[in-house]
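Engineer: The lines below spell out each chain.
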Amino acid sequence: MSLSLVDALTWCARLSALSVALQTLELLQIRAAYADQGVWSWPILKEEHAALPLPLRALLGALLPYRAFLALLVVRLPLAGLLAMGFWWCAPLLLVSQLAIGARFRGTFNGGSDYMTVVVLSGLSAAAGGLNQPLLLKAGLAYVTVQLVLSYFIAGCVKVSRSEWRRGEALRRLLSSNRYGTPAWISVLVAKPPAARLAAGALLAFECGFPLALVGPRMALPFMACGALFHLGNAAAFGLNRFLFAWVAAYPALLYFSAQLAISSFIH
Amino acid sequence: MGLVVPLLLGLGVLLTLSLSRRPLRSKAWVLLRSLLPSWRFFEDVEPGPELLCRVALPGGEYGAWQGVLQARAASRGLVLNAAGNLQLAYQSLVEQLESELDGVERGVAPTLVPYRLVQRLVEQRLRSSGNGVGTRYQFCIGDAGEGYVSEEHAL
Chain A
1 MSLSLVDALT WCARLSALSV ALQTLELLQI RAAYADQGVW SWPILKEEHA
51 ALPLPLRALL GALLPYRAFL ALLVVRLPLA GLLAMGFWWC APLLLVSQLA
101 IGARFRGTFN GGSDYMTVVV LSGLSAAAGG LNQPLLLKAG LAYVTVQLVL
151 SYFIAGCVKV SRSEWRRGEA LRRLLSSNRY GTPAWISVLV AKPPAARLAA
201 GALLAFECGF PLALVGPRMA LPFMACGALF HLGNAAAFGL NRFLFAWVAA
251 YPALLYFSAQ LAISSFIH
Chain B
1001 MGLVVPLLLG LGVLLTLSLS RRPLRSKAWV LLRSLLPSWR FFEDVEPGPE
1051 LLCRVALPGG EYGAWQGVLQ ARAASRGLVL NAAGNLQLAY QSLVEQLESE
1101 LDGVERGVAP TLVPYRLVQR LVEQRLRSSG NGVGTRYQFC IGDAGEGYVS
1151 EEHAL
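These protein sequences, in sequence, are chains A and B.
Note that this note's numbering has the first sequence beginning at 1, numbered continuously upward.
Note that this note's numbering has the second sequence beginning at 1001, numbered continuously upward.
Bound-form chain B, shown alone (with noise of 0.2 Å):
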């Protein structure tokens, strides 16, 4: 016991050091991934992907691309700030589902987890936004109809 855990927290520190290059991609390690950290933090600062969406009516024709994820208001908590949390990691959601459509079929991209969550995501705002059932939508990540268009849902 006395040598073990040293040498495991040892093994920690050289893990985090080869993973600052190259990341782990296996299931399970992407789930507990906040064992071996990465401290790349601001590596790139260009803008993440944004979550765009756009309605129509039964019947009708799509509207304009708008917007899903609003950019937080200014006044925020510095000991608690849940709703700006979640906003972070709802573009996170967002990032995901754009790494993991990289190479992926296009009829199989509604079957991906994070596809499915951005979608009820979409969907959530769509509802408290006042559309009701029957309005069709589509949601794009990236740039306003250039980036990946997902298939038409119907809430």
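Bound-form chain A, shown alone (with noise of 0.2 Å):
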């Protein structure tokens, strides 16, 4: 199974779209939060933007108090909507608007998450900036098929040079703590140390493996089916449901790359 650069983007499109529009919907529910009267107040926020640039203050201006926050979030939706549909003008007005989200939480609100939202619409971005340019649609793409393999590995590398993940014992305390509200069930899972090895193990083969995906699609989509596996997982232990549609956004850029690479019809 492979797809064509344009159905590679398509599906980045609406799958970055569905995202966008989950994320926008469940900012919109906790909007007390950033009122002016809330924890995230405009009016105390907007002190520590003294030192900034000139421009980057004004649009931050602009964008960021809680009306305006709010308008900003409401426009997201019918945009995530357009983008779906195939107005590729709407990407970069999308990620101007994540990255607003993100200063208005002083940096990200939801970490990764974030992090992989700006890459799918960066590179969409970068797309949509030379639809006739094969160049462009293919750097796009390529942008955010590294982005995606370095997630995983440089994660993966990161806790492989612990020993305490080698060991299991670290996943074992992380779903075991308060941090994430996980579910007693999940906890119970990894609570003796051959099951926490084995788990620990398989995470991280599959992290450090993830460049693997590249050498064409027969591997990449194991990958991906493990990878949607990982991130349902995720969601379900520690509530990062977020993340699920973020990197499943990527995951079409990866399919169009490891057909390309297609290291396996060199050996073949």
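By construction, these hints were calculated from the structure, which means they are not laboratory data.
Glycine is no exception: its CB is placed at the ideal position from the N, C-alpha and C atoms.
Keep in mind that a hint or two might mislead.
[Unchecked claim] Just a few of them, taken from the derived set where beta-carbon distance is under 8 Å, the chain B residues facing chain A:
#	residue
1	L1032
2	E1043
3	L1117
4	A1154
Could you use the hints to bring the two separately framed chains together as a complex?
Structural biologist: Given below as structure tokens:
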């Protein structure tokens, strides 16, 4: 199975639009938290913007006060719908709005899922800048693919360098801590050291081995399936639901490049 | 235009690799840091700093330290999880304050933006628990009474 360049971009755009829409709905649900009387109060936040370069300060000053920010979020919903329908000019607008959301929460709202959403929207924005230029389309998808592979590989490398991860102890502690309110039935699965070691070993092998997905679609598809299950597990265990949608939006790019690189075709 | 965008995207990848070792510190980059991702997930599995607070009614003594951010209910949405993600954002805010308190003189701490945001979070929780005007409180980041203890404030 492989995708054409345009199909890969189209599916990245559709899945990214879904991810953006869900994130936006969540932010609208918790609007009291960033109202002027809420925790992330704009009158307080703007004080630390005084040292920013003037153009950036002016842009944030226009986008981030409560009512303007609320309007920005509302506008993201139709923009996401239009992006899903193939109106590529929406990608750079959504990218700017995504960066504004990060800035509203002093960097990111949800860490990794914000990073990956920005990555995919950056790739789509690059592609939107040159719909008649295959080089730009490929550059956009290549950026998404490289960042996707790095996201797993770097995460795997930092874990594998730590003995507590190799022994399974870190995974057991992570799942049994109160930090994410992990359901008890998940903690029980890795309560015994051999089970924790096995689960951690599988996780490290998946993350460190992820670059192999570039070998060809036959390798990419199982890695993508494992990745989707991994993010589903993270959503159930840690409440990291946004990661599932943000990462899956990048998978069509990987599928496209795995077919393009197709090291396996050289081997055969 | 033809080569500029691919070069910029390549630069983004190189910066991502470089920042995986040494994060940027400037205020503008911190605010826009989602442009340059860090993929070091779960490098540290230690539980983050705990946010605690204690209250004293007007004229009374302080009670025991109590957790402000309660563990979330086990049930959560796989598609939409606004409340759960808000709790994670609160925890990140506490971690930002802990990080920014490092090396800061005690008298300066209450002027820090994350200090004031965490203060609002504590006050919000105290009011929702039925504490009224005049209630004094302190918050603490870390182990009860051993981490950073805030100034005394009143609702």
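Engineer: Quick check: which numbered hints come out false for this structure?
Structural biologist: Violated hint (a single one): 4; every other hint is consistent with the structure.
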